[in-house]
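Q: Sequence:
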Amino acid sequence: MTNLNKHMKYKNLLLAFCMLAGLAVLAQTPTVKPIADGNEKFLGSAWSSGQNTNFQNYWNQVTPENGGKWGSVEGTRGVMNWSTMDASYNLAKKYNMLFKAHTLIWGAQQPSWIANLDTASQRKEIEQWFSLQAARYPDMEYIDVVNEPLHNAPNGMLPWGATTKNVDYATALGGAGASGWDWIITSFRMARKYFPNSKLIINEYSVINSTTETQKYIKIIKLLQAENLIDGIGEQAHAFTTAGTSATTLKANLDALGATGLPIYLTEVDIDGATDLIQLNEMKRVFPVFWEHPSVKGITFWGFRVGLWRNDQKAYLINSNGTERPALKWLRAYVNNTLTMTQSIDLSFENDSSSTIIKGTSVNMIATVLPSNTTIPNITWSTNPTYRATIDSNGKLTALANGNVIVTATAWDGSGIKGTKTITITDPPTGLSEKLNTGFIKVFPNPAVNGKFTISGIENIERIELVNLVGEKVITYDNLKESSLNIQVNVPEGIYILNLSDGKQSVNKKIVIK
Numbered sequence: 001m002t003n004l005n006k007h008m009k010y011k012n013l014l015l016a017f018c019m020l021a022g023l024a025v026l027a028q029t030p031t032v033k034p035i036a037d038g039n040e041k042f043l044g045s046a047w048s049s050g051q052n053t054n055f056q057n058y059w060n061q062v063t064p065e066n067g068g069k070w071g072s073v074e075g076t077r078g079v080m081n082w083s084t085m086d087a088s089y090n091l092a093k094k095y096n097m098l099f100k101a102h103t104l105i106w107g108a109q110q111p112s113w114i115a116n117l118d119t120a121s122q123r124k125e126i127e128q129w130f131s132l133q134a135a136r137y138p139d140m141e142y143i144d145v146v147n148e149p150l151h152n153a154p155n156g157m158l159p160w161g162a163t164t165k166n167v168d169y170a171t172a173l174g175g176a177g178a179s180g181w182d183w184i185i186t187s188f189r190m191a192r193k194y195f196p197n198s199k200l201i202i203n204e205y206s207v208i209n210s211t212t213e214t215q216k217y218i219k220i221i222k223l224l225q226a227e228n229l230i231d232g233i234g235e236q237a238h239a240f241t242t243a244g245t246s247a248t249t250l251k252a253n254l255d256a257l258g259a260t261g262l263p264i265y266l267t268e269v270d271i272d273g274a275t276d277l278i279q280l281n282e283m284k285r286v287f288p289v290f291w292e293h294p295s296v297k298g299i300t301f302w303g304f305r306v307g308l309w310r311n312d313q314k315a316y317l318i319n320s321n322g323t324e325r326p327a328l329k330w331l332r333a334y335v336n337n338t339l340t341m342t343q344s345i346d347l348s349f350e351n352d353s354s355s356t357i358i359k360g361t362s363v364n365m366i367a368t369v370l371p372s373n374t375t376i377p378n379i380t381w382s383t384n385p386t387y388r389a390t391i392d393s394n395g396k397l398t399a400l401a402n403g404n405v406i407v408t409a410t411a412w413d414g415s416g417i418k419g420t421k422t423i424t425i426t427d428p429p430t431g432l433s434e435k436l437n438t439g440f441i442k443v444f445p446n447p448a449v450n451g452k453f454t455i456s457g458i459e460n461i462e463r464i465e466l467v468n469l470v471g472e473k474v475i476t477y478d479n480l481k482e483s484s485l486n487i488q489v490n491v492p493e494g495i496y497i498l499n500l501s502d503g504k505q506s507v508n509k510k511i512v513i514k
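Quick note: the sequence shown uses this note's numbering, first residue 1, plus one each step.
A hint or two may mislead.
[To be verified] Straight-line distance between alpha carbons at most 20 angstroms, and here's what the computed DMTMM-like set of lysine to aspartate or glutamate pairs gives:
| hint | residue 1 | residue 2 |
| --- | --- | --- |
| 1 | Lys314 | Glu324 |
| 2 | Lys481 | Glu465 |
| 3 | Lys124 | Asp86 |
| 4 | Lys41 | Asp231 |
| 5 | Lys418 | Asp392 |
| 6 | Lys314 | Asp276 |
| 7 | Lys359 | Glu459 |
| 8 | Lys193 | Glu127 |
| 9 | Lys329 | Asp272 |
| 10 | Lys193 | Asp182 |
| 11 | Lys421 | Asp392 |
| 12 | Lys199 | Asp168 |
| 13 | Lys359 | Asp392 |
| 14 | Lys251 | Glu213 |
| 15 | Lys41 | Glu141 |
| 16 | Lys124 | Glu141 |
| 17 | Lys94 | Glu125 |
| 18 | Lys297 | Asp37 |
| 19 | Lys514 | Glu493 |
| 20 | Lys199 | Asp276 |
| 21 | Lys284 | Glu324 |
| 22 | Lys93 | Glu141 |
| 23 | Lys510 | Glu434 |
The hints are simulated quantities; they were obtained by calculation from the structure and are not laboratory data. Please read all numbers here as calculations on a predicted model, not as lab measurements.
Full structure from sequences and hints, please.
A: Okay, structure coming up:
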């Protein structure tokens, strides 16, 4: 065999090995379907590089957060930067997700240089902006044609909370005109020309929480409907508009928009979450109003990972360590009708079954939530009366005063299920027998698996012996200084006796070793 033949043989073997290894990796990679996979309504998210990780495992619709805005693409006149929009568009096509461009015409994040042009030049640049995007992205399902016409228009207005007026290039599109909104009508006519196969959407905020703003919005929508220029209504639902707005008001404004006969898309949804429980409760309150409305055909969250637009308000659904917050777990189960509610909660002490603890000490409590596959197993701890004992969010109970205290764990999932346990708090025992009998001295676990167990509460204990049933010593500890002791012995399974002595008194306790 020639050296060349040997080389080719080894090369082919290496190639075959790599292919098999690749197939093995693919076989080990689980296929995770997006939350709303197979549903007649889509559930999507805004996309940016910071939101990219496992995006396709959660969402079946994508909107570029900033990459499709004119100011992002053409910050310098004639220099086009499509990189971010390319990435989001390619992601959508790779994973068969619906794609929505955002946005063609808006009063914010537009190129600053357009302010220096005359109206004829502005109009030419707008036409070019439309045509270049149409040529580059021929397969876009949805387009936000005009964004925030009521509150952030490109007509020289001063938006809410702003200190600088917007650039006026609406004049190049016809200005207010006879309809009062000619510039919007012109924008949609142009969009229909350049994007004949895409669904054209108008988008606005601070409408869903206001009947007055909803009616203003509907007037614009009807002007577009008169020329068959609009295919859907975009309704932002940021937390600053939904929080504090009743479900009745939210639904009433959706009803009014739905009466136009057009589909509604909740385009920019976020749920603030100062705590997991706050976010979960708000998600449970708001999302069903949107999802169950017959006119709503899709919902887009405005990001879902740390770094999203309302990051300071903790609107992310996945923590920085990659764990899903309860609101996201609930969302998945709700959309797929797989919610499993809490049926019972059992409370116990960690490593001990006693219901008596010593004043001034702390113990960890365990809440066992059943069934084990409960969608939201989280609970809230509380005590009554609080002057006798307090308990933190992790279940650490601190005894403050003698008497009985009721510890309660309440399910987060809205099931109404609670688990309770009555605890007796007493003064510290003085004698060794009393310490053992009241549970001040604890031996756990008992039975001890693999010869491993712990003895706690052994302050002032001078000697501990472990002996078998014929009195033979297995192990002895003298001159103890610790308050607890971890023990591991290699002995046959069976019953053993622990002898404890404080120099004045001796007590013993049976332990089973497995």
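Q: Could you run down the list of hints and mark each one as holding or not?
A: The hints, checked one at a time:
For a cut-off of 20 angstroms, the pair hint linking Lys314 to Glu324 stands: about 13 angstroms separates their Cα positions. Restraint check for Lys481 and Glu465: satisfied, since their Cα atoms lie roughly 15 angstroms apart, inside the 20 angstroms limit. Using a Cα cut-off of 20 angstroms, the hinted pair Lys124 and Asp86 is violated, with the two alpha carbons roughly 24 angstroms apart. For the proposed pair Lys41 and Asp231, the alpha carbon gap of about 16 angstroms is at most 20 angstroms, so the pair holds.
Distance check on the hinted pair: Lys418 and Asp392 sit about 17 angstroms apart at the alpha-carbon level, within 20 angstroms; holds. As the CA atoms of Lys314 and Asp276 are separated by approximately 9 angstroms, the hinted pair is consistent with the 20 angstroms bound. Our distance criterion of 20 angstroms between C-alpha atoms is met by Lys359 and Glu459, whose separation comes to about 16 angstroms. Using a Cα cut-off of 20 angstroms, the hinted pair Lys193 and Glu127 holds, with the two alpha carbons roughly 10 angstroms apart.
Of the pairs offered as hints, the one joining Lys329 and Asp272 holds, with about 16 angstroms between alpha carbons and a cut-off of 20 angstroms not exceeded. Restraint check: the Cα-Cα separation between Lys193 and Asp182 comes to about 17 angstroms, which is no more than 20 angstroms; the hinted pair holds. With a C-alpha separation of about 16 angstroms, the suggested pairing of Lys421 with Asp392 holds against the 20 angstroms cut-off. Under the criterion of a C-alpha separation no larger than 20 angstroms, the hint pairing Lys199 with Asp168 is inconsistent with the structure, at around 27 angstroms.
For a cut-off of 20 angstroms, the pair hint linking Lys359 to Asp392 stands: about 17 angstroms separates their Cα positions. The straight-line distance between the Cα atoms of Lys251 and Glu213 is roughly 14 angstroms, inside the 20 angstroms bound, and the hint therefore holds. A hinted pair counts as satisfied when its Cα atoms are at most 20 angstroms apart, and Lys41 with Glu141 qualifies at roughly 14 angstroms. This hinted pair does not check out: Lys124 and Glu141 have alpha carbons roughly 25 angstroms apart, beyond 20 angstroms.
The hinted pair formed by Lys94 and Glu125 fails the criterion: a straight-line CA distance of about 31 angstroms is larger than 20 angstroms. With a C-alpha separation of about 14 angstroms, the suggested pair Lys297 and Asp37 falls inside the 20 angstroms cut-off, and the hint holds. With a CA separation close to 5 angstroms, the supplied pair Lys514 and Glu493 stays within the 20 angstroms bound. Restraint check for Lys199 and Asp276: the C-alpha separation of about 36 angstroms exceeds 20 angstroms, so the hint is violated.
With a C-alpha separation of about 16 angstroms, the suggested pairing of Lys284 with Glu324 holds against the 20 angstroms cut-off. Proximity of Lys93 to Glu141 is assessed by CA-CA distance (about 11 angstroms); at most 20 angstroms being required, the pair is judged to hold. Annotation: proposed proximity of Lys510 to Glu434 holds, straight-line Cα distance about 16 angstroms (limit 20 angstroms).
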